[in-house]
Amino acid sequence: MIKKLAKSIREYKKETILTPLSVAVEVVLEVIVPYLMAELIDKGVYEGSMDNIVKIGIELIVFTVLSLIFGALSGLFAAKASSGFAKNLRKDLYYKVQTFSFANIDKFSTSSIVTRLTTDVTNVQNAFQMIIRIAIRAPLMLIFSLVMALKINIKMSLIFLILIPIVGAILFILSRIAMPIFEKVFKKYDNLNNVVEENTSGIRVVKSFVLEEEEKEKFAEASQEIFELFTKGDKIVALNSPIMQFAMYSGMLLISWIGARLIITSNMTELTTGELTSLITYAIQILFSVMMLTMISVMLTISMSSAKRIVEVLDEEPSIKNCNNPVKKVKDGSIEYKNVAFSYIGKKNKEVLKNINFTINSGETVGIIGGTGVGKSSLVNLIPRLYDVTEGELLVGGVNVKKYDIEQLREAVSCVLQKNVLFSGTIKENLRWGNEDATDEELVEACKLAQADGFISEFPDKYDTYIEQGGTNVSGGQKQRICIARALLKKPKILILDDSTSAVDTKTDKLIRDAFNKKIPDTTKIIIAQRISSVEECDKIIVMKQGKIDAIGNHNELMKSNEIYKEVYESQTQQSE
Amino acid sequence: MDNKKTMQDKRPKISGNTVKRLLKIIVSNYKKFLIVVFICIVISSIVSVSAPLFSERLIDDYIVPLLREENPQFNGLNKLILIMAGVFAMGVFASFVYSRLMVTISEGTIKRIRDDMFNKMQKLPIRYFDTHTHGDIMSHYTNDIDTLARMISDSLPQLISSILSLIAVLISMFVQSWQLTLFVLAFVLIMLRTTKSITKRSGSYFVGQQATLGKVNGYIEEMINGQKVVKVFNYEDRAKRNFDRINDELFDNMVNANRFSNILMPILNNLGNLEYVLVAILGAYLAISGKVQGLTIGVIASFLALTRSFNQPIKNVSSQVNMIIMAMAGATRIFELVDEEPEVDDGYVTLVNANIDKDGNIIESEKYTGHWAWKYKHQDGTLEYIELKGYIEMENVNFGYEDDKEILHDITLYAKPGQKIAFVGATGAGKTTITNLINRFYDIKDGKIRYDGINVNKIKKDDLRRSLGLVLQDTNLFTGTIKENIKYGKLDATDEEVIEAAKIANAHDFISMLPKGYDTMLTGNGSQLSQGQRQLLSIARCAVNNPPVMILDEATSSIDTRTEKLVQDGMDKLMQGRTVFVIAHRLSTVRNSKAIMVLENGRIIERGTHEQLLEEKGQYYQLYTGAFELE
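So the protein lines, in turn, are chains A and B.
The opening position of the first sequence corresponds to residue 1 in the numbering used here, with each subsequent residue numbered one higher.
The opening position of the second sequence corresponds to residue 1 in the numbering used here, with each subsequent residue numbered one higher.
Bound-form chain A, shown alone (with noise of 0.2 angstroms):
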């Protein structure tokens, strides 16, 4: 796992190789000053030596200036290294997701997938500058320290080696078993936070049937938890600071005791006053890294769940590729079905189409008509291959869709899905996803076989009127139509619209109907639609029942032969009539 993610580090390699080897040489200056400075007091001080004095006091300040050169440095290299390695992950991401098919998105569906690309790319860069900057600082500076304390006096040396298991176990200990609280913690605040958002959402649900009491009720009691959970948690956590305390004062009490007997009874010899104090020094360094090491610890396993998930997203295989020499040129808009069944990924046995055979020709207008959740948009989601059959064959201008290159076979065949999105950007900006390079003629034309010439051109600002995230600012109607327009400037060999005129008038959805056959006659038309009005013209009407093709004809016959085409057609007239 730490392999795949280390492939995002690329041209940040330097920075993240140099930023421990700054950090190492940081530590090591810091531990050495200790050391000077035992000699300071030693060989200048008591010695009464004002030439030791200068000679040591240069040392050290070139050695505390070199660290902090170094420490500037490793920061400075840290920066870099984290945010470019975040930068190559996020971006390792989103190309990864660019290759999946629709299949994969709805495995790990969108709001998961935006997660991993947000937060948890934020913890694990959090995680990878811990990692090069304290979690080698910490180790480091413990053995260094210690080698230094070992060189002082072994002896003494021994108080540290008994001190630092016992205190990083208590630490340990303590954090593992607030851990699990923490977790717990976390989830609950997802609790609170849900009843947060569906009150502002709902909020008028809730003023109307007046259960705000209700509802202050159901908050107050997550609430409740939640502190109860996090004070549990934070009091094993407040441990840590007297525990320190504890360690720091008996480890200095017990140098000083047994020092101080030593340098007496030694008379200077094994230890002198100012090792003393150097070792006191070292003391509080080793434990202070001692609880850094746990910490890093909880951060790092609090990290690894968010590294799992984005590692899950990098391993995961689109299901839908290029086979080897794929046909580029899409010749017409035939489509043919072959015994084609299909059944979303993980629902075996639950087919969502069964036996579809039937030959639509180039240039046709093909309308389909069923209930909802009969197969009809995943009928037409296999032709310009979002999804792939499961049994059978789809051909497309007599070739088997999985021999085209994906991206000419989907050039070709143009699709309004029935969820569709508008972007943020002008209008204009949104038609051009459509053809990078269209010219504004070509933008307007698109518009008018639309219908959606005319009220583009009385909004102030026109086509670059700006449309806000999820085209918000316009109506729904006007919206169908600016995809439809957005579709039309593939100047596809099949377009296929599936429920895309629901929101627009009758009146306007046949001029969009009329439009389509005078201006693009040779291009396959495929229409989903809920009205009887906007299929009754077409040159074949496929009616579709759970999954399987209850009939096919035109109007006349269906009317003639089909049951429930009659029924939908007979409620719709009644209804409006």
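Take these hints with a grain of salt, some might be off.
Below 20 angstroms or equal to it, Euclidean Cα-Cα: the simulated SDA-like pairs (lysine to any residue) are [what the hints assert, rightly or not]:
(1) A/K510 - B/L623
(2) A/K216 - B/Q122
(3) B/K111 - A/E213
(4) B/K120 - B/D339
(5) A/K232 - B/L101
(6) B/K215 - A/Y95
(7) A/K232 - B/R150
(8) B/K240 - A/Q408
(9) B/K123 - A/E214
(10) B/K79 - A/W257
(11) A/K188 - B/T109
(12) A/K232 - B/K79
(13) B/K79 - A/I258
(14) B/K123 - A/E212
Rather than coming from a laboratory, the hints here were simulated on the basis of the structure.
Given the structure of chain A, go ahead and fit chain B onto it with the hints provided.
Quick look at chain B alone, frame taken from chain A:
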């Protein structure tokens, strides 16, 4: 330059009031705790200062004199160690006590603030929710609370103990050697200046980083949500290009922000070390040269240790500065929310259960009777009971969401009990606004709205809303079982009532098909159900409430025609015998209304029955024949 300026402008503004108010909340609730905490922090600070002084006494008073003795006696030394052990034990205990108490104080305060905020939010008028994005409201509960919590639990005690330690250390340093102390102070000044200039820079880059991070996350969210469209249009490469551009921008900001915050600590650390060395050299020089009396090795050793103790709190405070600023900005936002004007309710007419006898007399009842009455307390003290029937009148109503922009002009209409009144018109014509006024989500500027002849301003808001059912286009379901969601309409409803309501709404069939039936858990606004099923549930929720007046606002517009039939039937059943206001986008829904109001730019331009309006050959006729679009 301009860019930088705006960045700095975005830096959170903090008023002194926020700090005062926050302290007041903490102090007023935890006075006793705080006194104990303060005492403990004082003890713990004094003990931590005494540690280096202990080294001095150890060396000067014991080790050095004992070195000169032939047969050193360790009794005094042992005694000192024992005393210090006692002192240290006290320090550890004090720190144990205060860190635990601080947990209770900080978590308790946060809980209090959070609860206050939510309780306040429930009292806010709809206007607040219409004028603030959900993300913005949510961030009060997440970002703002989180930073504030961390500040109270970490930064606050650190700040107190740092300041106390600083004072204690400074005094001891002065006692030891005022000359060296002056030198240290001069050095500290340099450290503080460095901190200031670094945090200032990192602060503005940090704001920039947050802004671009928001941008990148926003882009990711928008594009991933539209990923299927991206695929359909072969837009992947262009999406990658755009992404790279803002991702690189984020990188630049992030590097700069991290750069400054990363170098702060090593610089302060090493400046501290440098100071330490310089003090040592200076001290040693002064000691050896004998220019300063009483400067012994022990004094220097302990002074050096004090220097360290002095640097520590300065470093602590420096690293907390950004945190404290951010937390205070969060607290300011939280208090802004808490200070919002709540929805006022001075209504005094209440809704009561009632029995109606043969002569039409209304007698108030404690229990559910199936009949309700308005209890009207007149100013002269007399009580009047008016039967709840559902008669709604609007008279010359004018209204605007903003004072200078009137949206509804001179609306006059009435709905007799049991009548169905429909509103049609383009988006923005004011249909929804009218219904917002009936249940007093917003209050009118001019004119009168009466409910059973009573001015709605006189009716207690809660009771007014209880008597009105509302079904909206956006169904909002809550996390919980289907049963709980239906019960939302009437909390004490029995299971039979719930099933009955579901049957009325045509929801019973699909609920029974679910593996867990009425106990199916719904999460994320019922995302596992179809739009139509969600709508059926919201109708059932309204049915169990059994209100005499209902408002249906575009309740069927996002449902396919086949399910619409089901929903429509459900609604038709529900509408029987009730006063109903319908806003619809499909004209078939409004055809059988008693009266249809055609709205344009906030005015009723046509009114009448379906047949009358068709005959008039006006706007409605055009809409109906499809010459105009309804959007």
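If you check each hint against the structure, which ones fail? Of the numbered hints given earlier, the structure breaks just one, which is hint 12.
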